[in-house]
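> So the chains spell out like this:
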Amino acid sequence: MKHTLSVLVENKPGVLTRVASLFARRGFNIDSLAVGITEDPTLSRMTIVVAADETALEQVTKQLHKLINVIKIQDLDPKDMIDRELVLYKVNAAPERRHEIIEIANVFRAKIVDVGKNSLTIEATGTSDKLAAMEDLLRAYGIKELARTGKIALARGSRDA
Amino acid sequence: MRVTAAQAIVKSLQAEGVEVVFGYPGGVVLPLFDALYEAEGIRVILTRHEQGAAHAADAYARVTGKPGVVIVTSGPGAANTVTGIANAYMDSVPIVVITGQVATHVLGTDAFQETDITGITIPITKHNYLLDDAEDAAQVMAEAFHIATTGRPGPVLIDVPVDVSRGELTFKYPEKVSLPGYKPTVKGHAKQIKEAANLIAKARKPLLYVGGGVLSSDGARELKELAELMQLPVVTTLMGKGAFPEDHHLFVGMPGMHGGKFTNYAITETDLLFGIGVRFDDRVTGKLATFASKAKIVHVDVDPAEIGKNRSVDIPIVGDARTVIAAVTAELRKMGAEPRTEAWMRVIDDWRARYPFHYHQSATSIMPEYAVERVRELTKDRPTVYCTEVGQNQMWACQYLKIREPRTWASSGGLGTMGFGLPAAIGAQLGRPDHLVIDIAGDGSIQMNSQELATAAINNLPVKVVILNNGYLGMVRQWQELFYGKRYSSSTLPQDCPDFVKLAEAYGAFGVRATTPAELDAALTAAFEHPGPAIVDVRVEREENVFPMVAPGGSIDEMLGGIPGGPVSEMLDAEEFVEEVWE
Ligand SMILES: Cc1ncc(C[n+]2csc(CCOP(=O)(O)OP(=O)(O)O)c2C)c(N)n1
Ligand SMILES: [Mg+2]
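These protein sequence lines are chains A and B, in that order.
So for the first sequence, the numbering used here puts the first residue at 1132; every next one is plus one.
So for the second sequence, the numbering used here puts the first residue at 184; every next one is plus one.
There's no promise every hint is true.
Cut-off 25 Å, straight-line C-alpha distance, at most; resulting in silico cross-link-like pairs (SDA-like, lysine to any residue) [stated by the list, open to error]:
1) A/K1143 with B/T247
2) A/K1193 with A/N1142
3) A/K1143 with B/P367
4) A/K1203 with B/H329
5) B/K366 with A/L1188
6) B/K366 with A/N1200
7) A/K1193 with B/K370
8) A/K1193 with B/I307
9) B/K366 with A/E1141
10) B/K492 with A/G1158
11) A/K1193 with B/K585
12) B/K370 with A/P1172
13) A/K1203 with B/G248
14) A/K1143 with B/E351
15) A/K1197 with B/V496
16) A/K1197 with B/T506
17) A/K1143 with B/G350
18) B/K366 with A/P1172
19) A/K1203 with A/R1229
20) B/K585 with B/E429
21) B/K366 with A/D1206
22) A/K1261 with A/R1240
23) A/K1193 with B/A472
24) A/K1143 with B/P357
25) A/K1203 with B/D532
26) B/K407 with B/I305
27) B/K359 with A/N1200
28) B/K470 with A/K1261
29) B/K492 with A/E1185
30) A/K1193 with B/I305
31) A/K1197 with B/E429
32) A/K1261 with A/L1174
Covered by chain A, per the in silico footprint, the following chain B stretches (three or more residues, Cβ under 8 Å) [unchecked claim]:
33) 300-308
34) 360-370
35) 487-494
If you are wondering where the hints come from, they were derived from the structure by calculation, not from laboratory data.
Virtual Cβ for every residue (Gly too), placed ideally from N, Cα, C.
Given only the sequences and the hints, what does the whole structure look like? Please build it.
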């Protein structure tokens, strides 16, 4: 099962290493990890996507809690979270096929952010499902390069007290 | 008052009440050693190897309950402490290790004697710091001691670049430390405690399974109270030795791979396994599926990550062992619970009588078990701290010594570090100057840190090393005998190289050899009475094995060797007893 962990950590050097190496040491493969400063500049939020069963996840969560720099961990409920990922696709695009690709981008509310002689670069954000669907279509044209931020997520506002 | 960070670190040590520092100097740590020079109230013990310093600090902490402190230089000095840090981490021992580091402006350039020691020790420290600003020195020291000694104790490392140690600050030692991401739970959950007490009151075959957590929370007294109130039998793990007096009628030995048959049977038959400060280590549990499979499990631990890690648990209680034990006892008193373990104790006593540790005596050669027994008998009226090396020697020490007091036992548990014993004895002797300190050693292990004989000799630390010299890496040989067709690959050591008596003498220590049982007592006594450090080279029967033994991965009630017999006492089948115990 895929889990999205939202981990609040102290914004200090080395914290990313501590977290990442803990996952590696305990035999977890991280699908994605995104990290950035929060509303409080002394804190960063890491959004970590891992595949794990319940027992293994419980163990790794407890181990994470033991890191002194880790303040809070949430295992986000997929039904009750907002998650986004940003992807850049550089797609093969001969001039005569550009419009097809632009159309796909439009359907998915993605943006063309660069145009080359034989390529288009598309910026897309969304949930993993949406991005996967779009990627599927783009593959037909040939994706030359791809970069993604990894998922970031927050619990929905309805969960606030 | 402005002071350098190096001075602030020493002042912090003083503020923490540190009396002994184990260390070894080198280029970038000189500001610290300079600040230590003539520092009031702190004795600096120069070991002969940084690993020795780390183990000595570790054992000092084990026997005193106070954190051990190590100060070494960067690069090789820091790297040499790694085994010692890993050892302290595995056994949850509070030590604070301060390492020198190259100057900040060359950090990351592979400068001379630069090693990324904070990176290296992430997985083997509870926490570590790179002190990058002199202003933070006192704060970081206070945090380090706080983290090392509270919750589940463990090693903390502080890496101090040489320019930072020369930087200045106004020293003020923080009175309180508050870390947003670190709040160990001390008190157990009240409802869980009540349920646990209920289970004890109801159980017919309860068993307390006690580990190092009880010692590190100084909970031996509370444990004894609980056990005696409800007449609960107690097993202590290798790490828990001393948490319960081993000459007590409720003591049921050490469980696990080389534990007592009677102990493992008790675990197999218990209906309530009450674990306190233990971690269901594989050397204890053997095959998990059959470990205490008839029992409800209560698990008390200050580290929530240990609960349910290896074995699922019925009643988890996160909290400090001593606090929780006292709360459970209070609850039982409130309930007016009465002991009901008489029949169960009879079964256990029967097992204990049937399946004691056992070996064949010899008139001509010294059996290693006999040597340990003689050490036990010759020290039974003296306050003694027992340390061990690793291997057969350690297991015989576990089986044949009787540890009577908390914090009088120092043995490398989780890491199984050969070479721990002698530096540990040194640390223990410094922590308990009035105790006789003995290292039960192997001829292999002792050679891993024998240079520390110099530390013992120079500092007048009268530690006694009793080498069970079998001319083998005996535990390795035993496995090769049992599981590798007696192919003794790289496990033979010549018994007379080195000549351990001469080795002792080379350091100005006392050396004596015993080759026959008749010589043994005199040799041991001479060493124990000698005012300085001593080695007893005990030439033991070479191919004796440690039994009984649970085969790796096997069920703990199926043991090789020892006195033949099954787990089930005849009494368990007796009808009246069945009635009495199971209703
Ligand atoms: C540093 C280290 N290296 C290797 C081992 C593996 N090992 C475990 S017991 C043992 C043999 C120990 O020999 P000795 O000290 O003579 O003790 P004996 O078993 O003969 O009593 C070895 C090599 C270890 N535990 N520690
Ligand atoms: Mg040996």
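> With reference to the structure, classify each hint as holding or not holding.
Against the structure, the hints come out as follows:
1. A/K1143 with B/T247: With a Cα-Cα distance of about 34 Å, the restraint between A/K1143 and B/T247 is violated, given a limit of 25 Å.
2. A/K1193 with A/N1142: Within the cut-off at roughly 20 Å; holds.
3. A/K1143 with B/P367: Roughly 22 Å between the alpha carbons, so the hint for A/K1143 and B/P367 holds.
4. A/K1203 with B/H329: holds, 20 Å
5. B/K366 with A/L1188: holds, 21 Å
6. B/K366 with A/N1200: The given pair, whose Cα atoms are some 12 Å apart, holds under the 25 Å limit.
7. A/K1193 with B/K370: holds, 18 Å
8. A/K1193 with B/I307: holds, 17 Å
9. B/K366 with A/E1141: Distance of about 15 Å is within 25 Å: holds.
10. B/K492 with A/G1158: holds, 14 Å
11. A/K1193 with B/K585: Violated - the C-alpha atoms of B/K585 and A/K1193 are around 37 Å apart, more than 25 Å.
12. B/K370 with A/P1172: Distance ~33 Å between B/K370 and A/P1172 Cα, so the pair is violated.
13. A/K1203 with B/G248: violated, 31 Å
14. A/K1143 with B/E351: The given pair, whose Cα atoms are some 22 Å apart, holds under the 25 Å limit.
15. A/K1197 with B/V496: holds, 20 Å
16. A/K1197 with B/T506: holds, 21 Å
17. A/K1143 with B/G350: Measuring from Cα to Cα gives roughly 21 Å; hence the hint holds.
18. B/K366 with A/P1172: The given pair, whose Cα atoms are some 22 Å apart, holds under the 25 Å limit.
19. A/K1203 with A/R1229: Since the Cα atoms of A/K1203 and A/R1229 sit roughly 46 Å apart, the hinted pair is violated (cutoff 25 Å).
20. B/K585 with B/E429: Holds: B/K585 and B/E429 sit about 5 Å apart, inside 25 Å.
21. B/K366 with A/D1206: Distance ~20 Å between B/K366 and A/D1206 Cα, so the pair holds.
22. A/K1261 with A/R1240: Distance of about 10 Å is within 25 Å: holds.
23. A/K1193 with B/A472: holds, 23 Å
24. A/K1143 with B/P357: holds, 21 Å
25. A/K1203 with B/D532: violated, 50 Å
26. B/K407 with B/I305: Measuring from Cα to Cα gives roughly 37 Å; hence the hint is violated.
27. B/K359 with A/N1200: Since the Cα atoms of B/K359 and A/N1200 sit roughly 18 Å apart, the hinted pair holds (cutoff 25 Å).
28. B/K470 with A/K1261: violated, 47 Å
29. B/K492 with A/E1185: The hint holds at about 12 Å.
30. A/K1193 with B/I305: Distance of about 17 Å is within 25 Å: holds.
31. A/K1197 with B/E429: violated, 34 Å
32. A/K1261 with A/L1174: violated, 30 Å
33. 300-308: Holds, because 4 residues of the stretch 300-308 of chain B bring their Cβ atoms closer than 8 Å to Cβ atoms of chain A.
34. 360-370: holds (count 4)
35. 487-494: As far as the stretch 487-494 of chain B goes, the hint holds, because 4 residues have Cβ atoms under 8 Å from chain A.
Hints 1, 11, 12, 13, 19, 25, 26, 28, 31 and 32 from the earlier list are contradicted by this structure; the remaining hints agree with it.
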